[in-house]
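**Q** For reference, the chains in residue letters:
Protein chains: 2
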Amino acid sequence: MLTNLEHLGLAVHDLAAATELYTRLLGVAPYKREHVASEAVDTVFFQVGGSKIELLAGTSPSSAITRFLEKKPEGIHHVAFEVDDIRAEMARLRAEGFTLLNEEPKRGADNKLVCFVHPKSAAGVLVELCQSIPESAA
Amino acid sequence: MLTNLEHLGLAVHDLAAATELYTRLLGVAPYKREHVASEAVDTVFFQVGGSKIELLAGTSPSSAITRFLEKKPEGIHHVAFEVDDIRAEMARLRAEGFTLLNEEPKRGADNKLVCFVHPKSAAGVLVELCQSIPESAA
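Those protein sequence lines, which keep their order, are chains A and B.
When we follow the working numbering, the leftmost residue of the first sequence carries the number 50, and every step to the right adds one.
When we follow the working numbering, the leftmost residue of the second sequence carries the number 50, and every step to the right adds one.
This is chain A alone, in the form it adopts within the complex:
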């Protein structure tokens, strides 16, 4: 099962402007900025209670975020749920008929193993499963 709404990922055009906007909206400063080379994105994270808001801006034309923003306005890109055992959850969801976008867990931002579920199989929502990688293994 999915144990927490770990973060919401928002696709934005201008990361500096969105960071300033979300700092004022949430009433809290970001706690982390991270470039994820494998996804060609720059990210900024805010903590809100037990969940995070992740702002994402593409850093190359091939970035999934850049391509998303070519077709859609700024807004929510994905919803990430925490899991304790990503491989077990991937197997459970495959058995339930969900379409996964990667066959194996991959390394995501914020020191996580991640897997995406196709939005067509989740009522229009791009769902991410994420499992924290222990510090010792990072």
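Among the clues, some could well be false.
Since the list gives no way to pick one copy over another, a pair counts as held whenever it fits inside one copy or between any two copies.
[Said to hold, decoys possible] As a list, the in silico BS3-like pairs of lysine-lysine whose alpha-carbon atoms are at most 25 Å apart:
#1 Lys81 x Lys120
#2 Lys121 x Lys169
#3 Lys120 x Lys161
#4 Lys155 x Lys169
#5 Lys81 x Lys161
#6 Lys161 x Lys101
#7 Lys169 x Lys120
Worth flagging that the hints you see were computed from the coordinates, not collected in a lab.
Position chain B against the provided structure of chain A, taking the given hints into account.
**A** Here is chain B on its own, set in the frame of chain A:
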């Protein structure tokens, strides 16, 4: 400040089908169903860690959810953040230049006072502030 990502609201066409789908996706059964006459919606709630997933289906052509789904595909309709004092947060956000969609807090689903922030002032996200109403005042 916003203290928790209280819930994600998802607009769906077929509440029964979406409830079945999200039960399988999240690996947990819904804990509440509620009709909100003032908003003309039927809702189904799932608890995931400290946050909720709220499925919403319109029950009249004038429902905001019905109108949303006339223009957009199924998916995330709003993101709700918990606040301790909704009137204080509304004043803070007004002073920060955000556009609020209601001047006074209104009664929402799940025993809350709610206020919406215009998505044009929040990078495309329809943000809800919500404050729990004490049981004794419900």
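**Q** Name the hints, by number, that the structure is in violation of.
**A** 1, 3
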